[in-house]
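Engineer: What follows is each chain in one-letter form.
There are 2 protein chains.
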Amino acid sequence: MKACLMTIGDEILIGQIVDTNSVWMAQKLNDLGIAVFEMLSVSDTQEHIVSGLDRALAYADIVLITGGLGPTKDDITKNVLADYFGTALEFRADIYEQLTTFLQKRGVAVVDAIKNMAMLPQNCTIFPNQKGMAAAMWFEKDDKVVVSMPGVPYEMINFMETAILSQLQQRFQLPAIYHHTTITVGLGESIIAEKISPIEDSLPSYIKLAYLPSLGTVRLRLSARGSDYAFLQQTTNDIAQQIHDTLTEKYILGTGEDKLETVIGQLLLANNATMATAESCTGGQIAQKITSIAGASRYFKGGFVVYSNELKTQLLNVQDTTLKQHGAVSEATVIEMANNTIKNLHCDYAIAVSGIAGPDGGTAEKPVGTIWIAVANRQKTITQLLQTARPHRDINIELASNLALNQLRKLILGLL
Amino acid sequence: MKACLMTIGDEILIGQIVDTNSVWMAQKLNDLGIAVFEMLSVSDTQEHIVSGLDRALAYADIVLITGGLGPTKDDITKNVLADYFGTALEFRADIYEQLTTFLQKRGVAVVDAIKNMAMLPQNCTIFPNQKGMAAAMWFEKDDKVVVSMPGVPYEMINFMETAILSQLQQRFQLPAIYHHTTITVGLGESIIAEKISPIEDSLPSYIKLAYLPSLGTVRLRLSARGSDYAFLQQTTNDIAQQIHDTLTEKYILGTGEDKLETVIGQLLLANNATMATAESCTGGQIAQKITSIAGASRYFKGGFVVYSNELKTQLLNVQDTTLKQHGAVSEATVIEMANNTIKNLHCDYAIAVSGIAGPDGGTAEKPVGTIWIAVANRQKTITQLLQTARPHRDINIELASNLALNQLRKLILGLL
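Heads up: the sequence lines are chains A and B, in that order.
Residue numbering for the first sequence follows the working numbering, starting at 155 and increasing by one per position.
Residue numbering for the second sequence follows the working numbering, starting at 155 and increasing by one per position.
What the hints contain is simulated information worked out from the structure, not anything from laboratory work.
No false leads were slipped in.
Simulated DEER-style distance windows between Cβ atoms: (1) B:E201 x A:T199: 22 to 30 Å; (2) B:L423 x A:Q321: 55 to 63 Å; (3) B:L423 x A:D185: 49 to 57 Å; (4) A:V265 x B:N391: 30 to 38 Å; (5) B:V172 x A:H333: 15 to 23 Å; (6) B:K404 x A:R379: 53 to 61 Å; (7) A:D297 x B:E348: 46 to 54 Å.
Under the rule of at most 25 Å between Cα atoms (straight-line distance), these lysine to any residue pairs were calculated in the SDA-like manner: (8) A:K404 x B:R260; (9) B:K285 x A:R373; (10) B:K298 x A:R209; (11) B:K259 x A:T537; (12) A:K362 x B:E201.
Selected chain B positions facing chain A (in silico; Cβ < 10 Å): (13) D173; (14) V177; (15) V190; (16) F191; (17) G438; (18) Q442; (19) I444; (20) G449; (21) G456; (22) F458; (23) H500.
If you're wondering where the values come from, they're calculated on a predicted model, not measured in any experiment.
Glycine is no exception: its CB is placed at the ideal position from the N, C-alpha and C atoms.
With the hints as constraints, model all of the structure from the sequences given.
Structural biologist: If you want it as structure tokens, here you go:
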């Protein structure tokens, strides 16, 4: 079962908006076992929409279209679709009534253009819009399904969740599918590939492995397709276990949607422990990541952003002699920062970071991207030197934040 | 001049990543006067890549491809391209040397898979990757250009900015085009449209105005197309000046790529002043934004993330009675946080924020999205209550951060 996602309209083509609809739809379809074979963004012209539909229907069983259903003149999707499927528009009194009720409820004036929204193709199934104005249309032709929905994300999501996904499930015979994602940390793609090459080389043909890298982490996604869900699940989980045994907890932070900050939160809660941060060059990003998780207040006490040397001394009692002898970017400084955070804030764990994020400020001895990290509990303090050799401030901050969080994860797990 | 943007790989089709590359590329191409006619995401198979290329080359003059260039087995793009353009791969010793130097600089082991990265098609122009491993390839055929770049955003951006965009300008005859963006803050799209409607109604036909909204700001983008660059620039800048005179500094934070945090940095430097932050619900995001700007250490002393009430008292001397009588989310609390930050950290300006970011933790009196903000200098303290009425943690944090930064901007400018 193959699907094509098609967006219509200039907003995406001129780079005005990021196409988040397609990501969401792709996830939901994949979860149902419908592979998204292609995504296509076309402009608002009859010729282009038709050529996109021709291409999509040449190989896809399902085409989900978003956009081009507004009340303005450049929104021609429904006319083109009516033409394409050899039918005409008709005035749908039921849809018009639903629309006027919807608008009146919100105190919006019912202008003439609204009538046009109730002009809809015959010979298709119409779904009224519970969250907005444009209705969705479900066409069938030669055993294939084409659905057109508005491009407003929450309207599209509502159509999909309340109607389209379940209708697709009923309409098509779907294969069994099972996904498993292992999230690795601290290893590059090619080193992972080398370590797990025996596993990868002996993968059965119905299981695929994809590497999904981002800064500091690589997600390994196993996807199995077949007819017997339980069998696919069992086989895939066995392979995931082999990957886990090969890379171990040291390099695996979790599975699925896990992030360093969620895993750390779970570990701290499980240990009934608290943490705090003392950041210089990361400038608050570590605290921001930790607090991006709902409920972080149960384990995160707070932190310092000690950007100036003055504040390192005033707030974290870093010794003047330490700063003079070793500098702010030094192992000695981050050790004092971490230890005094634990002491002053009465928490169980602390992260401290001090470095040169760049793009300027480096020296021959301490080039841009030189970043010292310390993680500590009440018993010990572990330091690590990161040398990114990169001039990119944002990347250096992100790499340092992720490395520091991973060090904390390993400290809590007893791996340091 | 028409372009097609093509992404290769399963990451986008399975909904694992949002395609931000295409947005960035579409913006840059449009800036040059190259219209993006279509975007296409295809899977990692020879057949699909070829069929995508066939479609793209049928109407586009330029095809920019990202993705599918990694060292792993599912990355087949360069082999398919070599085939497609009737050439073979060859080992490029120069690229291999550049690659090993790049890796050694970062202390990364040079494994065997790296050799494969230096196997590149003959009969195309190779651009070495200054930020990563996979080289870019520039093919020409029948007066059309196909460029293949890695999908890692900062690698792609570096290729585009240092080579591809200028090469495209040279290679094709492009129209004169001039853009000017005014960045407004604190006003909704429809209110802006009402205020500047006389200007918008009298725009010459060769100048277009687009509204580009995001959380808290709306960018107003004037785009002029013609043959005489100097004339376009003059006319567009005159109109931008009219918009500025209408909306004034109160609602205009800057132009081009200005952000609140860059403008605040410039204002503080110009006033030889310093600032610090005291954050509760924003969890470090304001400090993170301020320190994302290179050179922030010249005006940013540091800050507190006082997530727990205990730390609000311990680090910022918020009175126990204040917390008991008014709660942590209150005007009285943020006033004390802001004033004591100035007093304790000896800085000229402070931002303080305390609120309920959600999704849980709200009450009838203080629902989720209730956020108090204070900005202060040594003379006065100005508070503002934000009530987002939204359950989204990330959006609430972003809205609060932007509002707080804009309040600080206005305070420094003497507008509060």
